[in-house]
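Residue numbers (the numbering used here): -18 to 149.
Wrong hints could be hidden among the right ones.
Label pairs and their computed distance ranges (CB to CB) [claimed, not checked]:
#1 Glu135 with Val4: 32 to 42 Å
#2 Asp16 with Pro47: 14 to 24 Å
#3 Pro47 with Arg90: 32 to 42 Å
#4 Ala124 with Pro(-8): 18 to 28 Å
#5 Arg59 with Gln138: 12 to 22 Å
If you are wondering where the hints come from, they were derived from the structure by calculation, not from laboratory data. As the structure is a prediction and not an experimental result, all values here were calculated from the model. Beta carbons are placed, not taken as given, at the ideal position from N, Cα and C, and that holds for glycine.
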Amino acid sequence: MTDTMVAEVIPAGERLELVPLDVGHAEEMAGVLNDPALHRFVGGAPESLEELRARYARWAAGAPDPGTTWCNWVIRAREEGRLVGTVQATVGGNTAEVAWVVGSPWQGRGYASEAARALVAWLRDRGLIVVAHVHPDHTASAAVARAAGLVPTEGIQDGEVRWESGAG
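Could you build the full structure based on these sequences and the hints that come with them?
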């Protein structure tokens, strides 16, 4: 499955589209991701433009493990004509581990749920089991996982609850 996995533009309802991430998105995304509050549950701090460019370049180069594929998208709000966040999937075998982040000014509008639903559907259409890891105190991210059709399991990894869906 991972040999043919290529990120493509994914329509995410009327308001959003998921666009394959490239280094050129770093400048706009540096502003979207500059709120330290976005790191409350995952740690770290906002990256500088140079750091974000370097990270996006690493992602674009692909996963170092030949059995793994990295797929990364920016979330574009159509009406605003701007980027509002990212979604990503790390695909290995028949499983895709997903994550999402929406910039603070755009939170509470359902963007993360819409983007995650579209991503999970795209992955499940390819026969993949979808997994997310959510901090137990991050109720907003748990709501996004639930909206995307994922369910919590008893599994805990690095202090985060494993959410998953069956194969598509």
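Here is what the structure says about each hint:
1. Glu135 with Val4: 32 to 42 Å: Since Glu135 and Val4 have Cβ atoms about 39 Å apart, the given range 32 to 42 Å holds.
2. Asp16 with Pro47: 14 to 24 Å: violated (36 Å)
3. Pro47 with Arg90: 32 to 42 Å: Because 39 Å falls inside the window, the suggested range holds.
4. Ala124 with Pro(-8): 18 to 28 Å: Holds - the Cβ-Cβ distance for Ala124 and Pro(-8), about 22 Å, lies within 18 to 28 Å.
5. Arg59 with Gln138: 12 to 22 Å: Since Arg59 and Gln138 have Cβ atoms about 35 Å apart, the given range 12 to 22 Å is violated.
Going through the hint list in order, the structure does not satisfy hints 2 and 5.
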